[in-house]
Each structure stands twice: as C-alpha cells, then as structure tokens.
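Visitor: Sequence:
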Amino acid sequence: MYHIAILDDERKEAEHIKELADVYFDRKELMQRRIDIFHNGNELLAHVKAIPCDLLFLDIEVGQENGIEIGRKLRQIAPDMIIVVITGYLKYSVEGYKIQAARYLLKPVNAQLLYSELDEVLSLDDRQTLVLEERDTYHRIKRKDILYVETMGRGTRFHTPEGTFESRESLSIWEQRLDAALFVECHKGILVHVRRIVSMEKDTILLETGETLPLARRRVETVKAVWRSFQEKYA
Numbered sequence: 122m123y124h125i126a127i128l129d130d131e132r133k134e135a136e137h138i139k140e141l142a143d144v145y146f147d148r149k150e151l152m153q154r155r156i157d158i159f160h161n162g163n164e165l166l167a168h169v170k171a172i173p174c175d176l177l178f179l180d181i182e183v184g185q186e187n188g189i190e191i192g193r194k195l196r197q198i199a200p201d202m203i204i205v206v207i208t209g210y211l212k213y214s215v216e217g218y219k220i221q222a223a224r225y226l227l228k229p230v231n232a233q234l235l236y237s238e239l240d241e242v243l244s245l246d247d248r249q250t251l252v253l254e255e256r257d258t259y260h261r262i263k264r265k266d267i268l269y270v271e272t273m274g275r276g277t278r279f280h281t282p283e284g285t286f287e288s289r290e291s292l293s294i295w296e297q298r299l300d301a302a303l304f305v306e307c308h309k310g311i312l313v314h315v316r317r318i319v320s321m322e323k324d325t326i327l328l329e330t331g332e333t334l335p336l337a338r339r340r341v342e343t344v345k346a347v348w349r350s351f352q353e354k355y356a
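In terms of the numbering used here, the sequence shown is numbered consecutively and its last residue is 356.
Each hint should be verified, as a subset may be incorrect.
As the list claims (entries may be wrong) - Heads up, simulated DSSO-like pairs for lysine-lysine below, C-alpha to C-alpha not over 30 Å straight-line: (1) Lys323 <-> Lys170; (2) Lys309 <-> Lys323; (3) Lys309 <-> Lys354; (4) Lys149 <-> Lys323; (5) Lys265 <-> Lys170.
Don't read these hints as lab results, they were simulated from the structure.
All chains, full assembly: derive it from the sequences and hints.
Guide: Now the structure itself:
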C-alpha cells in the first residue's frame with residue numbers, strides 16, 4: 122500500500138491533485154494506494170504519527186500556517202517521507218530546500234507535469250527498497266520498514282511490521298549494504314534498525330512493536346552511540 126497525503130487549504134486544488142494521482146496510478150497499474158487530503162497542519166501531523174506516509178504534496182501557504190514549518194515538524198517524525206512542494210509563486214519554490222523537498226509544482230497543477238513528477242518520485246522511492254531472494258521467490262521491502270535482521274542458517278530473516286521475509290544472503294553481506302548510521306549489531310547475529318528503538322535497558326532493547334531484542338554487553342556503548350546520533354539528527 123502506497124500512502125499519499127495532500128496538504129492544501131484550497132479544497133478544489135487538493136481534490137484536483139488527488140484525481141490526477143488516482144488517474145496516474147490506474148493507468149500505470151501500480152500498487153494499491155491510499156490518498157488522504159488535509160486542510161491544516163495539525164490534522165496532518167497527527168495522521169502521519171499514526172500512519173506512515175510515503176509521499177506528501179505540501180502547499181507552502183496553508184491559510185495562516187507556514188508550510189515549511191509544518192514540513193520541518195514532519196521531518197522529525199517521518200525523515201524518509203518524500204515531499205513535493207506545491208506553490209502558487211515560483212519565488213517560494215526554493216523554500217523546499219529547507220525541508221529536503223524532492224520536487225516542486227506550481228499551481229494550478231498541470232496533469233502532465235504531475236505525472237512526470239510522480240515518475241521521478243517513484244523512481245527515487247525505488248532506491249529506498251530492497252529485493253530479497255528466497256529460493257525462487259523475490260520479496261520487495263522498504264528499508265524504513267525493517268525492524269531488525271537476524272541470521273537464519275546460512276541466510277537471514279528480515280522482520281517488518283507486515284511480517285518476516287527471508288533472504289539467502291548472509292548477515293555480513295547485508296551489514297555492508299545497509300546504512301551503518303541506522304543499522305547496528307546489538308547481539309551476535311542481529312542487526313537492529315535504530316529508528317525502531319523505543320528504549321534500551323542493560324541487556325535488552327524495546328522496539329516500537331513491543332518486541333524485545335537481546336543487547337550484548339560488549340555492544341551497549343556502540344548501539345547507544347548510533348541511536349543517540351540518530352536522535353540528534355532527526356529528533
């Protein structure tokens with residue numbers, strides 16, 4: 122399920138963007154999508170905290186609210202979310218750099234330009250996914266969804282909120298491919314995604330799903346350092 126959010130206080134424009142996005146996904150016969158429209162920042166923030174969002178169309182000016190400030194708050198809770206800035210004025214397009222916006226669109230949004238932007242955005246999002254090979258089956262998962270990876274025989278098992286997926290490749294190979302600033306060995310044979318950590322005790326790690334992982338004594342300081350670095354960057 123690909124989750125798209127639209128923040129725009131102009132209801133007609135928001136509905137227009139939603140209709141264009143629906144047409145795009147239908148024509149491309151892409152994955153299922155959910156598209157939600159919001160007219161104020163607080164509603165959107167509450168929503169994204171509860172339901173992860175893949176792509177946001179963000180109006181720079183939302184009534185009396187500053188879209189860039191809303192974007193900054195969203196970056197703290199959803200650092201991987203792709204943001205496309207929407208503005209009625211070309212001069213505001215540069216503001217998107219402050220929130221690492223991937224693209225920008227001028228109002229009124231043109232259908233072909235939106236489709237082109239979606240092509241680029243989905244291509245960018247593809248680079249945030251992994252393809253796992255298990256015997257004759259291939260699984261596609263998003264890096265941000267990984268809770269932890271553990272050794273399983275000669276291969277590995279990836280744990281996500283949607284379930285577990287196996288790979289024939291070893292943990293040492295995945296350790297090289299995954300971002301060392303986000304994935305760290307907490308115990309022999311286990312790589313934990315620090316973004317998913319809620320708290321740490323002397324010998325255990327609590328994940329946001331309620332699961333606990335063992336924390337080796339020799340790994341405590343390293344895991345703490347990586348987790349702290351992540352929090353300082355995004356919290």
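Visitor: Decide, hint by hint, whether the structure agrees.
Guide: Consistency of the hints with the structure:
With a CA separation close to 28 Å, the supplied pair Lys323 and Lys170 stays within the 30 Å bound. For a cut-off of 30 Å, the pair hint linking Lys309 to Lys323 stands: about 16 Å separates their Cα positions. At roughly 27 Å between alpha-carbon atoms, Lys309 and Lys354 fall within 30 Å of each other, so this suggested pair holds. At roughly 50 Å between alpha-carbon atoms, Lys149 and Lys323 are farther apart than 30 Å, so this suggested pair is violated.
This hinted pair checks out: Lys265 and Lys170 have alpha carbons roughly 15 Å apart, not beyond 30 Å.
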